[in-house]
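*Asks:* So the protein lines, in turn, are chains L and S.
Going by the working numbering, the first sequence runs without a break in its numbering and finishes at 695.
Going by the working numbering, the second sequence runs without a break in its numbering and finishes at 1233.
No lab work stands behind these hints, which were simulated from the structure alone.
Please read all numbers here as calculations on a predicted model, not as lab measurements.
There could be a bad hint or two in this list.
Derived contacts from chain L toward chain S, CB cut-off under 7 Å, selection only [said to hold, decoys possible]: (1) 297; (2) 590; (3) 599; (4) 600; (5) 603; (6) 688; (7) 689; (8) 691; (9) 695.
Residues of chain L placed beyond 10 Å of chain S at every Cβ, according to the derived structure [to be verified]: (10) 443; (11) 470; (12) 498; (13) 682.
Yeah, the Cβ is synthetic: ideal placement off N, Cα and C, and Gly gets one too.
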Amino acid sequence: MHVTFSEDELAFRDEVRAFFRNEIPEDIARKQRQNVPLEREDHIRFQKALFSKGWAGYNWPIEYGGTGWTIAQKYIFGTEMADANSPNIIPFGLGMVGPIIYTFGNEAQKLRFLPDILESNVWWCQGYSEPGSGSDLASLKTRADLEGDHYVVNGTKTWTTLGQHADWIFCLVRTSSDVARRQEGISFLLIDMQTPGVTVTPILTIEGDHEINEVHFDDVQVPVENLVGEEGKGWTYGKVLLQHERTGTAGVASTNYRLKKLRAQAARSVRGAAPLVNDRNFMRKLAATEVELKALEFTELRTLAAVASGKAPGPESSILKLKGTELQQATDALYMEAAGYYALPYVPDQYVLDFPEDARVGEGAETTSSLRYFNFRKASIYGGSNEIQKNIIAKHVLGL
Amino acid sequence: MDFSLTEVQSMLAESAEKFIANDYDFDTRQTIAASEQGYSSSVWRTFAELGWTAIPFSEADGGFDGGPIESMLMMQQFGRGLIVEPYLANIVLAGGVLRRIANESQKAKWMQPLIAGELQTALAFAEPQSRYDLANIETTAVADADGWVINGHKSVVCNGGHAGLLIIPARTSGDSTSATGITLFAVEGMADGVTRRSYRTVDAHQAAEIRLENVRADGGALLGDVNKAYATLDAVIDEATLAVCAEAVGIMQVMTEKTVEYSKNRVQFGVPIGSFQALQHRMVDMLTACEQSYSLLIWASMANADQSDEAKKSISALKYQVGTAGQKVGQEAVQLHGAMGVCWDTDIAHYFKRLTAIGQMFGNADWHLDKLAA
């Protein structure tokens, strides 16, 4: 057992570090530094830069155009990406539907969809939850009725993140109600958002942003070749995907970066006043969060090592989701605490590129701290609420 | 970065696991713990025969050159088996001092018998006023024409009552909390002026209050350099901290497994209590606490084996985690066992006591969190 990096791993780290320092388009890096929200095209340009480097499929096997990296390489990549304050990789294509298609899709689907996912030519979104089906996902009612060579889809999906940008949506739909278990009548369908009958309506989240949507399907015709795997097996595929999603949502590297930044920020004195590091209560909370995060980092590495030795990410990935989101939220709360009064101003319009510093309310990202705190309450709710994760662990890990 | 064990490491862990499964069930442990001596001489001989008492010593000294990874593997199993034999006191604490600073004749006299399982030893690092500060030493050693004269009070000395050899840190210069000015002496347990009050601790281990009144130490009793023992003490206590944390993780894992099992069998209101969601979620929290603690254990063990920049910090992080998670897992395991959890005849009760004792040793959770917060 060794925690230190080998020579090869150190060389790889230098290469990744140089990439993130030099190859992120300058205006995007500036937006990141100034806490300016990214546009659709910014995300695409960033992901295309990754593709050009051959790193878009950071998590994919080599045969589908992925990197085939070791765990240590993936760990280094994730850490360097976060430490460079780089944009996130939008997960729906590269992290979610891509792996589903190369695992369960047929050859035609792989040829048709995977290259555009890798190259970020197509923006995907996820259609799981419905207005009446949240934690009880298997109760979903969106129907896909087979009529000749196409399905006719009717229903509503909700909480669709960045659905307003999406070209395609992957959905869990009900193809049969005549089944012993509700889970058996569910299928996994790929739907072009341009198809007549698809409409997207925005939902504003607590902090006032447009991040999520409702997607309505009104007699939408979907060719049968867009069915992934077997009809009625969608629940199984979807579950695998959720396990991938949960591994991804731990967000260890990015929380780690944010905690490091917060520690540095706490050492700064504002106008000669005593810095926050002198506040023992605050520093103890910060240190406790750092310890838990370090533990989660190694829980994640152990999970990845198990995956690398041939196991699928199992129900243990629920622990990553649980703790990862708790720690994201704990970190958000610490940032808000650190901002003091400057957590109060609601001034989202000052987070535009090159907003004059002397006109800004609060320093740096202070006034975004509370917005993020509010927004990220979502983390313990999405991807299966944390209570659902506990149910999963109780049933599938503890055998209760 | 590499998470795999070597073949030798796997074999060590398996041999300890096998010993506990075959020769050290809970009833055996309770019988040994209740015996006059408090541990089994024959089990200790077996440890020596299996080579376990030689693990951390160098090959030149007849050992296996084992480090933090080997220690972690063994101590985790000792936790699972709730072993009462004084491995920590002998091999990790006193052995840790001897292998670092004993000269050849001292090694022949004390370290070789220790490795052979023939000599019991103790490191008397704590005093009534010192709490967790290793530099806080009021015991004095004053030089005269024939060597040194030692006076002081050492508290809760693990294995202190049985030890034929006591290692005594004493102040030879500086004020009573100064890190410089501490010197280590090897003192025979039966030496003139040594008074020992032996007792059991709550976890069925044993310890002693040791008073030293004009105890004479000659030149041969001086371990290492005069005034410069702090670094040795600090390094040995770090190793011991890692060791008890591994033991604690083993205990937490057993407590969680046993609690889950109990909840599947205990029927109330006509159903197993494990079917209640309120209890299921609490057991998930126990599992999560175990997994997180195990993760920090392997990080800290690797960081110390590799002597990375984070080696020292990782120990405080681990001890903080084990302190907080251990308290949670221990209390929940007892609670979910209902009244059985507070009965002397239930194994869970004894795991809880050892886990609680570990929380009090080598700096509690608060003490280590303060180091990390600084």
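*Asks:* None of the hints should be skipped; say for each whether it holds.
*Replies:* Structure-based check of all given hints:
no., hint, result
1, 297, "holds, 5 Å"
2, 590, "holds, 4 Å"
3, 599, "violated, 9 Å"
4, 600, "holds, 5 Å"
5, 603, "violated, 9 Å"
6, 688, "holds, 5 Å"
7, 689, "holds, 4 Å"
8, 691, "violated, 11 Å"
9, 695, "holds, 5 Å"
10, 443, "holds, 46 Å"
11, 470, "holds, 31 Å"
12, 498, "holds, 29 Å"
13, 682, "violated, 7 Å"
Violated hints, listed in ascending order, are 3, 5, 8, 13; each of the other numbered hints is respected by the structure.
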